Structures are given as C-alpha cells and as structure tokens.
Amino acid sequence: MIKVENLTKRYAGVTAIKDLNFEVEKGEIVGFLGPNGAGKSTTMRILTGYLPATSGRASIAGYDIFEKSIEARRHIGYLPEHTPLYTDLRVGEYLRYRANLKGVPGSKVRERVGDVLELCSLRDRERSLIGSLSKGYRQRVGLADALVHDPDLLILDEPTIGLDPNQIRQVRELIKKLGGKRTVLISTHILPEVEIMCSRVVVIHKGQIRASDTAENLLKNHRAAGSMRLEAKVGAEGATALAAVAGVKDVSVEAEGEWSIFQMRLEANADPSEEVLQLAISKGWAVREVTRRRPTLEDVFVELTHSDS
Amino acid sequence: MKVFFTLLSRELKSFFYSPIAYVVLFYFLLLSGWNFYSIVAIMNGYPTEVTVVEAYFGQALFWFPFVLSFPLITMRVFAEEFRMGTYESLTTAPVSDWQVVLAKFFGVLIFYVLLWLPSLAFFAAFERITGRSVVNATGAYGGTYLLLLLLGMYYIAIGNLASALTKDQINAAVISFTTSTLLLFVGFLPDIFGITSPAIKDLFSYISAVQHMQDFSKGLIDSRPIVWYLSMTALVTYLTLQVVQYRKWKA
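Chains as they are written, first to last, in numbering that gives the first Met the number 0: chain A, 0 to 308; chain B, 0 to 250.
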C-alpha cells in the first residue's frame, strides 16, 4: 500500500529524513514511532503530497506520489498534526464540504457523511460550530474527515495528542475498529498506544529507521537492559559482590535501617537471577525482596533513540 | 470543475460567516453613498462640464475607499489558512494548488462585485428622479464598470499575493495597501518629481489608473488598459501560485 524508497528531505541545510526505506502492506496497522523531531511528520507530509522530497521515491497504492499526486491522494485519508479545521463551519457542513472536495459523488455525500458521523459518534454534534467543540470532539471531526471518502489508507499524525485519558481510549478504539479493512499508518510517541493498536512498529530517529518489526519481536531482539532489585540485610559492601556477578552491569545501593536496597542494571539478554540468589544464600544474607523487571517497549525505544546511539 | 465550485462556495461562505463581510459592506455603502450625495450636491451648486459618472469616479473621495477595500477583503485569504494550518488539510485532498488559487481569486472577485452593485442604484435613482442622464455616451456606463472590474481584478490579485506571503493578516493588509496605493499613484510620479519630458509622462499615463478612469468614464474605451490589467492579473496570480507552493515546500 505504501512503498518508500531512499526518501530524503533536506530543509535549508538540515536533513529531516535520510534514505528512508519501508513498506506497508495492505491491511496492516503500522505504528510510526520516534521522539519529537525525528522526522515522522515530515515523512507523512511527503506521503500525502504536501511536501516534495529532496530525493527518493514514494508510492501509494501503486501511484507515484510526485508524478500521480492527485490519484495517490484519492486513496489517502489524512489527519494532520494538531487537526486543522475550519472553525467557522458546522460539523456536518464541514464534512459535506470535504466529501465534495475529495470527489465523493453528489448522490453519495449525504450517506457517507451520515456514516462517518455515526462511526465517530458525532451524530449529536452535527449542527455544532467546530470552533465551539472541545479538543476531543475536534479530533473526531478530523478523523471523520479522513474517513469521509472511504479511503483504503489512513495516515494519522499523532491522533491522540492533547486528549484526556478517556478521549484517548475512545480514539484508540475507533482506530482499532477502522483497521482490518483499511491500512493505517499512525505516528505517535506514546508507547502503550503502539502495543495496543499496531501490528507492526517502525522506529525512526534522526530521520533514519532504527527498527521495523512487531512489538513482540522488538522486545525479543532488542532485549534492552532489564533490571533487578534486591533487598537484603547486609551493609553497602554487598554491592561489590553483586557487581561481580556475570550479567550485572552496575549496582546502586540505598540504605534503609539495617536493610540495603540494591538496584542492578543488567546487560542485554542477561538473566542473572539465579546467580544473585545463590550469592545471597552463600553469604547468608537475609533477603526480603527480589524482583526482576522485564524490559518494556519503552526501554527498547530509549535504547534505539538515545540521542547519540 | 466540481472541485473548483466546491472551493469557490467555501470561499464565499467564509466571507459571509465572518463579520468582516458585513462591516465592509456596511461602511462601503455608507461611504460611497455619502460620496454620491456630496458630488450631486456640489454639482447642483454651479454649472459644470462633466457628467455625474465622470465626477463620481474622478474624485479623491472615490479612490480612497476603493483602494482601502482591497486589503480588507484579501488579507485573510491565504494568511488565515497558513496560520490555522488548514492549508495542509486543503491541499492534501485531491485538489491542485491551481484550483485553490483560482477559487480564492474568484471568491474575492465575486464579493468585490457585490460591493459595487449598490452604486448602480445611485445612478439609476438619479436618472429616475432628475430625468437627466448621468453619462454623455452610452459606452461610458459600461466602460466605467468594466474598468472598475479590471482594476478590481488587478488589486485583488495583488492582495492575494500579499496574503500568501505571510501568516499574519495585518502584515498582508499593510503589504497590499502600500502596494496598491503606490500603483494607483504611479501616474502622478512624473509630476511629483517635476519631470516634464513628454515621453516619460506618456509612459506613466499608460499605466495610471486615475488616467484610465478619466478616459473610460467619458466613454473612451481603450483596449490597451484592458490588456494591461488582464495580463497583470494573470501574472500576479501566477506569482501567487509560485509563492504558495514555495511556502509549502519550506514549511
């Protein structure tokens, strides 16, 4: 559905994205992940024909985005960052205008607008002025607009930013509902969102792709440093012994009465739980808590996008 | 074509959904009505050689609201879209920049025509009440309004270009007001600088809106200004398209 080859964009000396290559298959929901300024919005703006690329190619549904821009755009439902809308129009009026603009046949406009109002739970706001709507409703109007011409591809730039937790949940559920039939490319820097919604994750940092896989595989392959916590009745000197255990990267210690709380950062793919416990037993430390924290997508994200990695 | 009319109707709606349209219409009507009244009052006082139409469109009181109207009706056109970010949703729909630029141009032009329509009623009322003609020759009426339309196209194109240059409506208004005032008075430049060479004076009178209005309101319809205004409108509109695309590219 989306095919990006060697895509590069430079603004006045700054390289926003560099040699991007990725593909999105029909029916996938792909999370486009990266810190602020990584080049997510730039990539999306190029794909939707808003910005021209400096070099490279991209195509949507087989149409080259530069040569057959109008045809390519017919296949895209795009929700730009911050959801720009005409605040002087009413919701229904705006959606009818957008449907006409996007080439929905005149006889179908009413039906399509009705459908998306229903889908985005906007029925009761059809006559509201967009300017008077809350952020959550505006976001839904933006989504309804992206959907109104029934596109096969949705490109959503940070659809949940600035919403409250309830609204975030509603928008997520809506996006999940939309998937399946459509291809979705969604950018975000909110990690749980990706784990919940996406079938695949593309991590981008400083304009380059760092990883492209399922969230599960990312966790498996980038077993970023997990950590262990041990609370034992021993002085701070226990830290030296723990640091010597294979797989432990470093140890920090905090005293709490006669107990010490050791925080161990582990090396990638290491699980020294057994060795740590055996050490405690052999030294005769009283232990009141041992916990191992599994790495999360957040750890992977930090590892992949650490500013100088 | 459907896309163009969809865009055009959005442009017209955006005029009438904002208070600007009504404020401009109201004050414009007030000013032009007052102008008409005072012209007729003056002409009533002593004998004169000019017709009502010539007098009305030949005075400073006409040019002042005329030139002031353009920044007011064009400043919002692109600047607001860029400020709100709606230009992005607009041009990521399957719509070409050309269609957008032309729809915006014709949207303002239609509003401009609406601004001037009531003035026809002034002359009609005058003729009806006094039983005298407001023009010498039949062509003068058509010529005057044709020139009004051509001048409008040119200055609207300039206003739109100014609006495309900035995100800020006030900036756009200042740019277009300054430019259109300069262009309006360009015909007086030789006089201001004391240049007496007839060749230069001729050259400047070719592009002087005030001179054109004097001719057209007498019924002297010359094809040179018509070609001049049409081609300048096309050129400035083309520049607007370039600016709009450039702004997107560096956005």
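Honestly, the hints are just simulated from the structure, not real lab data.
This one's a predicted model, so the numbers in the text were calculated from it and none came from an experiment.
Misleading hints may appear alongside valid ones.
Heads up, simulated DSSO-like pairs for lysine-lysine below, C-alpha to C-alpha not over 27 angstroms straight-line [stated by the list, open to error]:
#, chain 1, residue 1, chain 2, residue 2
1, A, Lys-219, A, Lys-248
2, A, Lys-67, B, Lys-1
3, A, Lys-134, A, Lys-176
4, A, Lys-248, A, Lys-25
5, B, Lys-247, A, Lys-67
6, A, Lys-232, A, Lys-248
7, A, Lys-2, B, Lys-247
8, B, Lys-1, A, Lys-107
9, B, Lys-247, A, Lys-17
10, A, Lys-134, B, Lys-12
11, A, Lys-2, A, Lys-107
12, A, Lys-134, B, Lys-1
13, B, Lys-12, A, Lys-107
14, A, Lys-134, A, Lys-17
15, B, Lys-1, B, Lys-12
16, A, Lys-67, A, Lys-107
17, B, Lys-247, A, Lys-134
18, A, Lys-282, A, Lys-248
19, B, Lys-247, A, Lys-205
Structure-based check of all given hints:
1. A/Lys-219 <-> A/Lys-248: It holds: about 19 angstroms lies between the C-alpha atoms, which stays within 27 angstroms.
2. A/Lys-67 <-> B/Lys-1: This hinted pair holds, its Cα atoms lying about 20 angstroms apart.
3. A/Lys-134 <-> A/Lys-176: holds (21 angstroms)
4. A/Lys-248 <-> A/Lys-25: violated (43 angstroms)
5. B/Lys-247 <-> A/Lys-67: holds (18 angstroms)
6. A/Lys-232 <-> A/Lys-248: holds (22 angstroms)
7. A/Lys-2 <-> B/Lys-247: holds (23 angstroms)
8. B/Lys-1 <-> A/Lys-107: Within the cut-off at roughly 14 angstroms; holds.
9. B/Lys-247 <-> A/Lys-17: holds (20 angstroms)
10. A/Lys-134 <-> B/Lys-12: Measuring from Cα to Cα gives roughly 24 angstroms; hence the hint holds.
11. A/Lys-2 <-> A/Lys-107: violated (31 angstroms)
12. A/Lys-134 <-> B/Lys-1: violated (32 angstroms)
13. B/Lys-12 <-> A/Lys-107: Holds, at roughly 22 angstroms.
14. A/Lys-134 <-> A/Lys-17: Violated, at about 34 angstroms.
15. B/Lys-1 <-> B/Lys-12: holds (16 angstroms)
16. A/Lys-67 <-> A/Lys-107: This hinted pair holds, its Cα atoms lying about 25 angstroms apart.
17. B/Lys-247 <-> A/Lys-134: holds (26 angstroms)
18. A/Lys-282 <-> A/Lys-248: Holds. A/Lys-282 to A/Lys-248 sits at ~21 angstroms (cutoff 27 angstroms).
19. B/Lys-247 <-> A/Lys-205: With Cα atoms ~22 angstroms apart, B/Lys-247 and A/Lys-205 stay inside 27 angstroms; holds.
Of the hints listed earlier, those the structure fails to meet are numbers 4, 11, 12 and 14, in rising order.
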